[in-house]
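Peer 1: Spelled out, the chains give:
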Amino acid sequence: MAMTMSQKILAKHAGLDEVKAGQLIMAKVDLVHGNDITTPVAIREMKKMKQETVFDKDKVVFVMDHFVPNKDITSAKCTQMCRNFATEQGLKNYFDVGKMGIEHALIPEQGLIVAGELSVGADSHTCTYGALGAFSTGVGSTDMAAAMATGELWFKVPAAIKVNLVGKKQKWISGKDVILHLIGEIGVDGALYQSLEFTGPGVGELSMDDRFTICNMAIEAGAKNGIFPVDDKTVDYINAHATKPYTVYEADPDAEYAREITIDLGSLKSTVSFPHLPENTHEIGSFGEIKIDQSVIGSCTNGRIQDIREAAEILRGRKVAPNVRCIVIPATQEIYLEMLKEDLARVFIEAGAVVSTPTCGPCLGGYMGILAPHERCVSTTNRNFVGRMGDTTSEVYLASPAVAAASAVTGRISGPAELGL
Amino acid sequence: MQAAEGKVLKYGDNVDTDVIIPARYLAIQDKEELASHAMEDIDPEFRSKLMAGDIVVGGKNFGCGSSREHAPQVLQTSGVGCVIAESFARIFYRNALNIGLPIVEAPDAAKEIKDGDRVKVDFDAGVITDETTGKTYEAAPFPPFLQKMIEVGGLVNYVNEKM
Ligand code: SF4
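Read top to bottom, the protein sequences are chains A and B.
The working numbering applies: residue 1 is where the first sequence begins, and numbers increase by one.
The working numbering applies: residue 422 is where the second sequence begins, and numbers increase by one.
Some hints here could point you the wrong way.
[What the hints assert, rightly or not] The following label-pair restraints were derived from C-beta to C-beta distances: (1) B/Pro562 / A/Thr393: 35 to 45 angstroms; (2) B/Glu582 / A/Ser267: 19 to 29 angstroms; (3) B/Phe566 / A/Glu256: 21 to 31 angstroms; (4) B/Val573 / A/Lys47: 14 to 24 angstroms.
[What the hints assert, rightly or not] Taking lysine to any residue pairs in the SDA-like style, the calculated list, with each CA pair at most 20 angstroms apart, reads: (5) A/Lys20 / A/Lys319; (6) B/Lys569 / A/Gln23; (7) B/Lys452 / A/Arg44; (8) B/Lys569 / A/Trp154; (9) A/Lys28 / A/Glu185; (10) A/Lys48 / B/Met584; (11) B/Lys583 / A/Lys319; (12) A/Lys156 / B/Glu426; (13) A/Lys71 / B/Asp451; (14) B/Lys569 / B/Asp551; (15) A/Lys319 / A/Glu283; (16) A/Lys156 / A/Lys48; (17) A/Lys291 / A/Gly90; (18) B/Lys431 / B/Asp551; (19) A/Lys50 / A/Gly90; (20) A/Lys48 / B/Lys452.
No lab work stands behind these hints: they were computed from the structure.
From the three backbone atoms N, C-alpha and C, an ideal C-beta is built for every residue, glycine too.
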């Protein structure tokens with residue numbers, strides 16, 4: 001039977017020749033990870049299980065990223081619990097302050113996941129690694145506990161939506177605009193329980209960082225996973241970061257899809273998601289003046305080096321508008337270091353922005369940029385739900401790094417064109 | 422599985438995990454204290470209105486957003502007997518079943534049942550009865566594998582049984 005790319009990876013890991021949409025399977029996982037919020041819950045659940053040790057010390061990864069460096073005593077206790085468990089179990093990949101990064105940027109960068117693998121993480125944006133041609137999906141803490149203990153987990157085989165990418169994108173248009181546009185088209189439950197399988201000649205136009213951003217937000221369309229085919233760019237990325245072997249899977253030409261969508265990259269404009277849902281998309285130029293109080297550039301969606309470079313190109317020699325706070329957060333220590341090497345931190349600081357150590361921080365309203373009542377923020381993050389970044393009357397507008405940087409300069413939601421770029 | 426019976430607290434589409442339990446409370450490890458903040462950003466009176474066994478009804482894509490298991494957990498700890506929705510976000514769906522919080526996907530029931538109605542859900546028969554209006558609805562039954570998991574009390578017990 002013809003299968004999609006996701007279905008082939010699931011079949012392989014379940015030890016089956018074929019699977020079909022809707023089927024329940026038990027599959028072996030290549031990687032299980034959790035963060036400082038979800039791991040403590042998983043540890044407690046695992047302690048109720050008969051199995052006392054993790055199934056494989058090399059394949060269980062903890063990343064402390066949401067509230068670190070710890071923002072208060074309760075979060076310090078969470079990290080302490082993860083740290084103790086990691087030491088006790090002898091985990092090879094435990095990432096704490098000084099080594100950590102935001103998990104979904106860090107895990108591919110550290111070469112912990114490669115094409116053809118099956119990974120689960122107790123964080124919804126685990127779908128990010130589909131950019132590498134892996135099947136990767138977010139689960140809960142009890143799932144994480146079961147997967148840590150046994151190395152396998154139950155899955156319902158998803159149907160898929162085929163997203164055909166064509167055309168060439170224009171300057172300043174990035175992966176963020178592609179995915180916001182798609183979510184605007186199909187809605188926040190448009191791909192519920194399904195895979196988003198990207199394909200077509202436009203794939204080659206997208207950098208790996210664009211693809212990570214796109215897969216990262218697959219969950220914001222309700223998808224179980226997003227996935228890209230493996231091409232030269234993928235192979236180059238894997239060779240530069242990983243040492244383990246990878247496997248290339250391709251969708252069968254006659255695989256069945258629940259739906260097919262075509263996106264012409266050439267016609268995309270800078271896109272912004274208005275509060276309080278990622279599907280409320282508007283193109284720059286189609287709305288009036290929206291003043292902002294804060295601009296956040298970072299997160300697992302857009303804290304990679306390409307994002308930082310784009311924002312820096314816009315902020316270079318310019319100033320952040322009076323009364324606007326601009327917060328730049330590189331997603332990992334390596335990205336931070338690269339930013340220093342390229343002298344980009346200076347660009348931001350001279351512009352009047354702050355540069356932070358890697359952390360999720362403001363993305364989930366944790367710390368480092370919480371909004372007061374009625375404040376507005378343009379942000380390169382992925383969610384703009386009520387109260388996501390602070391007070392329940394505050395507002396988050398999701399956009400690309402280019403838009404977040406340009407808006408920081410003008411003080412209202414703007415594209416780079418307004419600065420003559 | 423037993424039945425759930427109680428009054429309905431009804432909400433709209435896309436009730437996300439950020440409003441079910443805001444991230445600012447996620448470091449709290451005490452279950453009761455954490456649950457005291459359940460739904461406070463969408464309905465500050467949720468906890469005072471809720472009686473043990475009450476039923477939460479939502480629209481489409483209930484539980485979307487973050488994978489935090491704290492979301493079904495605070496509903497369960499607060500005493501919610503069952504969640505009925507037109508559809509659920511998939512991680513919330515997994516999480517709820519994994520921890521043993523009954524949830525039922527039933528589009529017609531979710532649309533028609535009103536806030537304050539008394540509702541009974543018979544999990545074995547797959548029937549939802551709105552006792553206020555007298556109307557009954559069919560609920561999609563769980564596949565056998567999930568029935569087994571729910572019967573033994575969630576994923577932890579299921580894994581232990583297999584070991
Ligand atoms: S950056 Fe935001 S969305 Fe990404 S893992 Fe952290 S909190 Fe979640």
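Peer 1: Against this structure, judge whether each hint is valid.
Peer 2: How the hints compare with the structure:
Range check, B/Pro562 to A/Thr393: Cβ separation about 42 angstroms, and the 35 to 45 angstroms hint holds. The beta-carbon spacing between B/Glu582 and A/Ser267, approximately 55 angstroms, falls outside the hinted interval of 19 to 29 angstroms. For B/Phe566 paired with A/Glu256, a C-beta distance near 24 angstroms keeps the hint of 21 to 31 angstroms intact. Between B/Val573 and A/Lys47 the beta carbons are some 18 angstroms apart, a value that agrees with the proposed interval 14 to 24 angstroms.
Among the hinted pairs, A/Lys20 with A/Lys319 is inconsistent with the structure: their alpha-carbon atoms are about 55 angstroms apart, more than 20 angstroms. Proximity of B/Lys569 to A/Gln23 is assessed by CA-CA distance (about 16 angstroms); at most 20 angstroms being required, the pair is judged to hold. Taken as a hint, the B/Lys452 and A/Arg44 pair is honoured in the structure, with Cα atoms around 12 angstroms apart against an allowance of 20 angstroms. Restraint check: the Cα-Cα separation between B/Lys569 and A/Trp154 comes to about 13 angstroms, which is no more than 20 angstroms; the hinted pair holds.
Distance restraint check for A/Lys28 and A/Glu185: the Cα-Cα separation of roughly 34 angstroms exceeds the 20 angstroms cut-off, and the hinted pair is therefore not satisfied. Between A/Lys48 and B/Met584 the alpha-carbon distance is near 13 angstroms, which keeps this suggested pair within the 20 angstroms criterion. At roughly 62 angstroms between alpha-carbon atoms, B/Lys583 and A/Lys319 are farther apart than 20 angstroms, so this suggested pair is violated. For the proposed pair A/Lys156 and B/Glu426, the alpha carbon gap of about 30 angstroms is over 20 angstroms, so the pair is violated.
Only pairs whose Cα atoms come within 20 angstroms are accepted, and A/Lys71 paired with B/Asp451 is accepted, the gap being roughly 18 angstroms. The hinted pair formed by B/Lys569 and B/Asp551 fails the criterion: a straight-line CA distance of about 27 angstroms is larger than 20 angstroms. The suggested pairing of A/Lys319 with A/Glu283 is violated, with an alpha-carbon distance near 25 angstroms, which exceeds 20 angstroms. For the suggested pair A/Lys156 and A/Lys48, the alpha carbons sit about 25 angstroms apart, so the restraint of at most 20 angstroms is broken.
The hinted pair formed by A/Lys291 and A/Gly90 fails the criterion: a straight-line CA distance of about 50 angstroms is larger than 20 angstroms. For the hint pairing B/Lys431 with B/Asp551, the CA-to-CA distance comes to about 13 angstroms; that is within 20 angstroms, so the pair holds. Restraint check for A/Lys50 and A/Gly90: the C-alpha separation of about 19 angstroms stays at or below 20 angstroms, so the hint holds. The hinted pair formed by A/Lys48 and B/Lys452 meets the criterion: a straight-line CA distance of about 16 angstroms does not exceed 20 angstroms.
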